[in-house]
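The hints should help you fit chain B onto chain A, whose structure is shown.
Going down the list, the sequences are from chains A and B.
For the first sequence, the numbering used here assigns the number 2 to the initial residue and increments by one for each residue that follows.
For the second sequence, the numbering used here assigns the number 2 to the initial residue and increments by one for each residue that follows.
Incorrect hints may appear among the rest.
No distinction is drawn between identical chains; accordingly, a pair holds when it is met within one copy or between any pair of copies.
With a Cα cut of at most 20 Å, we get these calculated SDA-like pairs of lysine to any residue [said to hold, decoys possible]:
#1 K228 with E277
#2 K35 with E95
#3 K228 with G112
#4 K255 with E147
No lab work stands behind these hints, which were simulated from the structure alone.
Number of protein chains: 2
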Amino acid sequence: MNHVVLVGGSGYVGQAFQEILTKRNISFRNFSRKEINYYNPAKLKAALSAEKPDALINAAGYTGKPNVDACETDKANCLLGNAVLPGILREVCEDLDISWGHVSSGCIYTGNRTDGTGFTEEDEPNFNFRTNNCSFYSGTKALGEEVLEDASKCYVWRLRIPFDERNNPRNYLSKLMNYEWLLDAENSISQRFEYVNACIDSFTKKIPYGIYNVTNPGSTTAREITKTMTDHGLITKELKFFDSEEEFMSRAAKTPRSNCLMSSEKLSDAGIQLSEVGEAIENACRDWVA
Amino acid sequence: MNHVVLVGGSGYVGQAFQEILTKRNISFRNFSRKEINYYNPAKLKAALSAEKPDALINAAGYTGKPNVDACETDKANCLLGNAVLPGILREVCEDLDISWGHVSSGCIYTGNRTDGTGFTEEDEPNFNFRTNNCSFYSGTKALGEEVLEDASKCYVWRLRIPFDERNNPRNYLSKLMNYEWLLDAENSISQRFEYVNACIDSFTKKIPYGIYNVTNPGSTTAREITKTMTDHGLITKELKFFDSEEEFMSRAAKTPRSNCLMSSEKLSDAGIQLSEVGEAIENACRDWVA
Numbered sequence: 002m003n004h005v006v007l008v009g010g011s012g013y014v015g016q017a018f019q020e021i022l023t024k025r026n027i028s029f030r031n032f033s034r035k036e037i038n039y040y041n042p043a044k045l046k047a048a049l050s051a052e053k054p055d056a057l058i059n060a061a062g063y064t065g066k067p068n069v070d071a072c073e074t075d076k077a078n079c080l081l082g083n084a085v086l087p088g089i090l091r092e093v094c095e096d097l098d099i100s101w102g103h104v105s106s107g108c109i110y111t112g113n114r115t116d117g118t119g120f121t122e123e124d125e126p127n128f129n130f131r132t133n134n135c136s137f138y139s140g141t142k143a144l145g146e147e148v149l150e151d152a153s154k155c156y157v158w159r160l161r162i163p164f165d166e167r168n169n170p171r172n173y174l175s176k177l178m179n180y181e182w183l184l185d186a187e188n189s190i191s192q193r194f195e196y197v198n199a200c201i202d203s204f205t206k207k208i209p210y211g212i213y214n215v216t217n218p219g220s221t222t223a224r225e226i227t228k229t230m231t232d233h234g235l236i237t238k239e240l241k242f243f244d245s246e247e248e249f250m251s252r253a254a255k256t257p258r259s260n261c262l263m264s265s266e267k268l269s270d271a272g273i274q275l276s277e278v279g280e281a282i283e284n285a286c287r288d289w290v291a
Numbered sequence: 002m003n004h005v006v007l008v009g010g011s012g013y014v015g016q017a018f019q020e021i022l023t024k025r026n027i028s029f030r031n032f033s034r035k036e037i038n039y040y041n042p043a044k045l046k047a048a049l050s051a052e053k054p055d056a057l058i059n060a061a062g063y064t065g066k067p068n069v070d071a072c073e074t075d076k077a078n079c080l081l082g083n084a085v086l087p088g089i090l091r092e093v094c095e096d097l098d099i100s101w102g103h104v105s106s107g108c109i110y111t112g113n114r115t116d117g118t119g120f121t122e123e124d125e126p127n128f129n130f131r132t133n134n135c136s137f138y139s140g141t142k143a144l145g146e147e148v149l150e151d152a153s154k155c156y157v158w159r160l161r162i163p164f165d166e167r168n169n170p171r172n173y174l175s176k177l178m179n180y181e182w183l184l185d186a187e188n189s190i191s192q193r194f195e196y197v198n199a200c201i202d203s204f205t206k207k208i209p210y211g212i213y214n215v216t217n218p219g220s221t222t223a224r225e226i227t228k229t230m231t232d233h234g235l236i237t238k239e240l241k242f243f244d245s246e247e248e249f250m251s252r253a254a255k256t257p258r259s260n261c262l263m264s265s266e267k268l269s270d271a272g273i274q275l276s277e278v279g280e281a282i283e284n285a286c287r288d289w290v291a
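With the rest of the complex left out, here is chain A (with noise of 0.2 Å):
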C-alpha cells in the first residue's frame, strides 16, 4: 500500500489511524472537511483523482458529545455523518475502482446469540431501527452499513467502545474511572490501536472484502475491568454500580445503550489477530499514560 487518503481523520478513531499510518511508513494524506468538502460527490472524485490513493479509510462518524444520548438532539447531522457519508464515499470509490474501508460499530447488537455466545457478521443487527429498540446513534450507524450493502472492494470494520492506555474522554478506561455510577453489562471492545492496525492490515494482507468484527476476542464487564484498573491503582475510589439497566435508563441515560458479545472469528480466520481482551485491558492498565 502506496498511499491511502483518511477522510475523518481529527476524531479519536482518526488520530490513531494517523498515528499508526505514520509509524507503518504508510504515506498518507488526511482530507479534511474544510479543505475538501467530501460530502459533495464531485469534488470528492476530482480530489480522489487528483490524489490517486490506493486505498480510502473513512474515519468520521458522528458519536454525540459527550455521549449518544446527544444524538437524540441532533439527528440529522447524526444521519448524514453515518449514514449518508458512507454511501457518497461508497458511490465515488466504486466509480474510480478505489480499494476503501469503514469505520462501522458494533452497537448494532444487544445481548448475544441465543447459544451464548458472540454475533457473527452473518447475523442480523438487533439493536437498530428495524428494530425499534435502539438509540438515534444505532439506528444511523446500521443504516450506514445498509447503504454499503454489495458494495465492491469495501471493508466494513466493526468497533465496539474503544479503549487503550491514554487517558481521554473517549477512552472506555478513563469513562470508568470518571463515571460517578456504573453499569456492569458484558461486552466486547476494542483496543483503539490494535483495531487500526487490523483494519491497515486487511488491505496489505489483503483479507477478502466484507464486514470484520474487529473486537478484542473474548467478552468483559466494567466489574471486571474496574478491579484490574483497582489492582493497578488507577481507580482508588469506591464504586458504585446501578442495580440494573432500568436503574441505569432512569437515572443516567436517555436513551438506550448497546452492550453486546462480538465474535472476532471471521477476522481471525482471515489471519488477523487482535490480543485476548483480558490481557489487552491489563497492558492498557499497566501502560497507563494520566
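What follows is chain B alone, placed relative to chain A:
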C-alpha cells in the same frame, strides 16, 4: 404572507407551489440547489437572512425515478433528501425564527386503523424502518418526520399519491392509464393543487403548527378511478388487475408499496377543506388535458 422562499420548486409538487403562489399573488423566490447550496446550513442561513421571507416551504424530496424502487439502489441520496434536509431546514428556520412547512408523505402507513377508519396524525407510522416492513423510501420519509419532532413554527403536510387533470408521468391518473397491470387497493389520495392551496392556507389562516394529513376526504380504489376514467373516455383499453398484492410484489415491484387510508379531519377541523375524493377525481377526468 408577503414573501415566501420555496425549496425544491422544480419538482412535481414544487412546480404546483410555484404556480399557485403566482396565481395567489404571493411573492416568492425559488431557492434552486445550483444557486444556493441549501444543504450547507451556513450558506442557507446567509441566503435566508438576505431574503427575509415570512415563510419557507420545503417541496424538495427524493422520490426515485420512475418509482420508489429506484430508492433501493440510491439509499444515501434518499436519506439525504428526505431525512437530512428537513433537519437542516429546521435548524436554520428555528435559528432565524422563520415559519415553515415540509412536504411529507402518508406513505409511512399501510392499511387502516383497526376500526376501519383512516389514520390520524396521532397514530404512529406503521410502514417505516421501525416496523421493518417498508420500502427504503417510506423509511426515509418517516425518519424525516422524526427529525422534525417538536420543531417550532413548523407544518408537516402529508401528501398521498398526487393527481390532477394534467397528463404527467407523476400524475396517478396518468400512471393508471399507462401501467399494463394494475393493483386494486384502497387509498386516500391528494389532488395536487388542492394540496398546495391547503399548505399555503395553513400560513394565511394561521392554523396551529404541527402535522396534517392533506388528502381529499374519503378513499378510493384503482378500480373506481379507472371506471371514472373509462366513463370519460380517458381509458379505452381493457384493464388487467393483479390478483393480489403478493402477485404485484412478485411480478412488478422490488419493494413494498404503501396503500392506506388517511383521515383529513384534523385539517378540516382547522378550517381547511379539500373536496371529497370522488368529486376531485370526477373533476380531474372532466377537465383532463392530454
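Note to self: Cα distance capped at 20 Å. Does K35 pair with E95 within a copy, between copies, both, or neither?
What the structure shows: Neither: 24 Å inside a copy, 25 Å across copies.
At most 20 Å between CA atoms: does that hold for K255 and E147 within a copy, between copies, both, or neither? So K255 and E147 pass the 20 Å test across copies only (16 Å; inside, 26 Å).
Measure nothing new, just compare the shortest in-copy and cross-copy C-alpha distances for K228 and G112 to 20 Å and report within, between, both or neither. Classified as neither: same-chain Cα gap 22 Å, cross-chain 55 Å, threshold 20 Å.
Between K228 and E277, at a C-alpha cutoff of 20 Å, which is it: within one copy, between copies, both, or neither?
within (17 Å within a copy, 70 Å between copies)
Checked against the numbered hints given earlier, this structure breaks hints 2 and 3; the rest are met.
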